[in-house]
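One line per chain: the protein sequences are A and B, in this order. Counting in the numbering used here, the first sequence runs from 1 upward without gaps. Counting in the numbering used here, the second sequence runs from 1001 upward without gaps.
The set of hints was computed from the structure by calculation and includes no laboratory data. Quick caveat, the model's predicted, so the values are computed rather than measured. Misleading hints may appear alongside valid ones.
[As the list claims (entries may be wrong)] DSSO-like mimics (lysine-lysine), calculated; alpha carbons at most 27 Å apart, straight line: (1) Lys80/A with Lys1094/B; (2) Lys390/A with Lys524/A; (3) Lys80/A with Lys219/A; (4) Lys524/A with Lys415/A; (5) Lys1094/B with Lys390/A; (6) Lys219/A with Lys524/A.
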Amino acid sequence: MSASPRADGQPAGGGRGTPPHHRRRYDVIVVGAGLSGTLVAKRLGDQGWRVLVLEAGTGTLDTWPGHLDAMNTYYAAAAKVPNSPYRPNAAAPSPDVLDLAGLPDGGFRASGYFVQNGALPYGSDYLRANGGTVMHWLGLTPRMHPEDFAVRRTFGYGRDWPLGYADLESHYRAAERQLGVAGDAQEQSEAIGLPFPEGYVYPMHRIPRSYLDDVVAAKIDGVPVQESADSPGTTLRVVTTPHARNSVPDARYDGGRGYRPAGAAGLPNYGERCVGNASCVPICPVQAKYNPLKTQATWDSRVTLVTRAVVSRVLADGNGRAIGVEYQAYDDPAAPVHTTHTAEADIVVLAAHAIENAKLLLVSGLAGHSGQVGRNLMDHPVLLTWGLMKHPVGPFRGPASTSGVESFRTGPARKRRAPFRIEIANWGWGWPAASPGSDVARLLGITGDSGQPRGRGVFGEELRRRLGGGIGRQFSLQFELEQEAEGRNRVTIDPRHRDRLGNPRPVITYDLSDRVKRGMAAAKAVSDRVFGLLEAEDRTVYGPGPFSPGHFRFEGQDFAFNGAGHGAGTHLMGDSRDSSVVDHWQRCWDHPNLYAVGCGSMPSVGTSNPSLTMAALALRSSERIHRDLTELHRPVTVRTGGGDRTAASRVPGPAPSPHSHPQQEVRP
Amino acid sequence: MDGFVDVSVGLTGFDSFDLHATGVAALYLETALDQVGTEAFERFLDELDAAGGDPGRLEGETSRDIARAITHLWYLGVWPQLARSVHTALGREKANVPFTVSPEAYTEGLVWRTFHGHPAGAKAPGFGTWSDPPPGAPPVPRVTAAGRPVGKPEEDREEEFQGDIS
């Protein structure tokens, strides 16, 4: 799809996986073919710019056979963790949640790609492959709340954005179109207070609620709960979550023009509806969940994708202008063999993930004026609680979460503790206790440590009956807490720690602040109240041990947290070059033609799953990059009589507005 | 083969029709023989026979662990780690690590059927099916989305079920 010959007869920049030896100069180089990079390339390619996308990982997932291979890898994986369908790659290693293990008396040990030296583990992974981490995302797309953008001014903690909700609103809508969001805007507005333009509807009707959502709603809707004895009551309400997942198109969308869902990459007429495979994380078998490969299928032929190209350095001249990048091309992901190349462009866009972007800036010695590169690493620390309902609730069906409780995301309580959103988890104890596999093992008497004596075990009809009765009643709640920007949480590099190609591995220093821990204590108190209302049997246990690397004690209580996969903040944006890395266009203050896009730019993350906001930011930056390029090329365009083929070919083609073709194309 | 399935009925609580219908019974027999060796496997069959076919009454730890492993295999498609003592006693010349026997073995796991579910990532039941109460669960009032004709598909679905297939 990406290696089409250029229309003007020049050789293509390079085929898939082939270094672009023929053409070394582009208008834009995008580093990383994940969500942000794919969207930036889409917009700029559509506007006539020649874009080179360099992806460190392999590009097998964008064919149907490659997708089926990932499905089989997932089926056969011992632990069905987010990266389990995707093959390991020694040339472009990815962190994995299995790299962390808790120690018997507390504390943790980290192996794998990250080097970790913090008080607590950074428990999130990402994926270095074409499509990026969004290949294994859950697909939830809530917008951030207006008050999330100004937490310093409003509540006295963390960092403020140089933008507000109003600045981003139209880009949220553009992102909702691009990703194909199913949701109920009226409900989001009433229940959460999100402003939408009058009459706005999402492209698709909301994803149906799970039976579990209805059970919870019937018991808790309208009930006020106190998170501590001296706090005011907060009214509970189950609210449907917006998803980038194919549902029923809303005929009212786009002024009555409606919406056509995008099908699977490599099999476009497939996957136009979610069919309830219940494996969104780590892989949607039918690709009813958005992934960037769907957008790549509509890239203009001016966009060239080169996979297996690990950018090792951003090149800049003495005046601070980025010239291009140096990258390492490899053939075999298992062999430490590569060749080094350079590519040049007028503008370089880093879109490689928060941690990889920071790493590249640090390696290149760029954007260092503020001293903030790599600092302010954030995630959504997740507290899980789990229990058994009185009757079957149909776990392990449908998307992982279809509704949540949004009542604790906002309000003055943020002055003292981190806010949180509550996801009602449809997949039983899958995350907190590795069910249903662990249930089978436990009933059979199989212990985690093969050296320990085993129980007698139950077999036959009793085993079948007890599993059915127990698993069928499982449910859990996931509390996603906001983590604020703190300079001490950071990514650094250390020449002693390198990967197979000699690139530095991220060294991570991570901890949770007391305000996050107070948020967890409040979350647990709310969970206790909710379990009481549900008359559920609470099975939540937090203690040290191999499966609890995120264990800690706070004010006499045990807790254990997990990562959400929402790495952010490592090149945060601000309104001053002295205190932030990028401006509100995600453009490096120190380098006017170098952009760093993605969650790394976020000064605060609120409680919303961040991908939609990241997509909105990428679309917004694309507008600025288009203007930069247009300005750069203005002197060239006035040279009309020279017959200079090169100069003429540098004039971008007709530049349709990014909004003039709202319908996403699906290539045959 | 039929003998293995007969034994598996006692281990799993699923009848032989269900077990044959998974299509993986032969693969599991092969796996068990490969993992523990013919000798230990036949001893397991003999001891199970002596226990009246009830795996709960198996007394030898080796045979008991083989019973656990075969049951685990049926329920999850995964051959588990054996007890370290059993691994040693069998003198196995292979790593004592759990593994999924094949991608199909995972999707044929019996555990999902114990609670009327389907394997995560396969055998998708269809759009919106997760909204329905599972067997044995009471109906609850459903909040409907504004602008969405929720009632109509429900009525349609009821009609579909009015037919009798006998």
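Evaluation of the provided hints:
1. Lys80/A with Lys1094/B: 24 Å, holds
2. Lys390/A with Lys524/A: 21 Å, holds
3. Lys80/A with Lys219/A: 32 Å, violated
4. Lys524/A with Lys415/A: Roughly 18 Å between the alpha carbons, so the hint for Lys524/A and Lys415/A holds.
5. Lys1094/B with Lys390/A: 44 Å, violated
6. Lys219/A with Lys524/A: Measuring from Cα to Cα gives roughly 18 Å; hence the hint holds.
Comparing the model with each numbered hint stated earlier shows that hints 3 and 5 do not hold.
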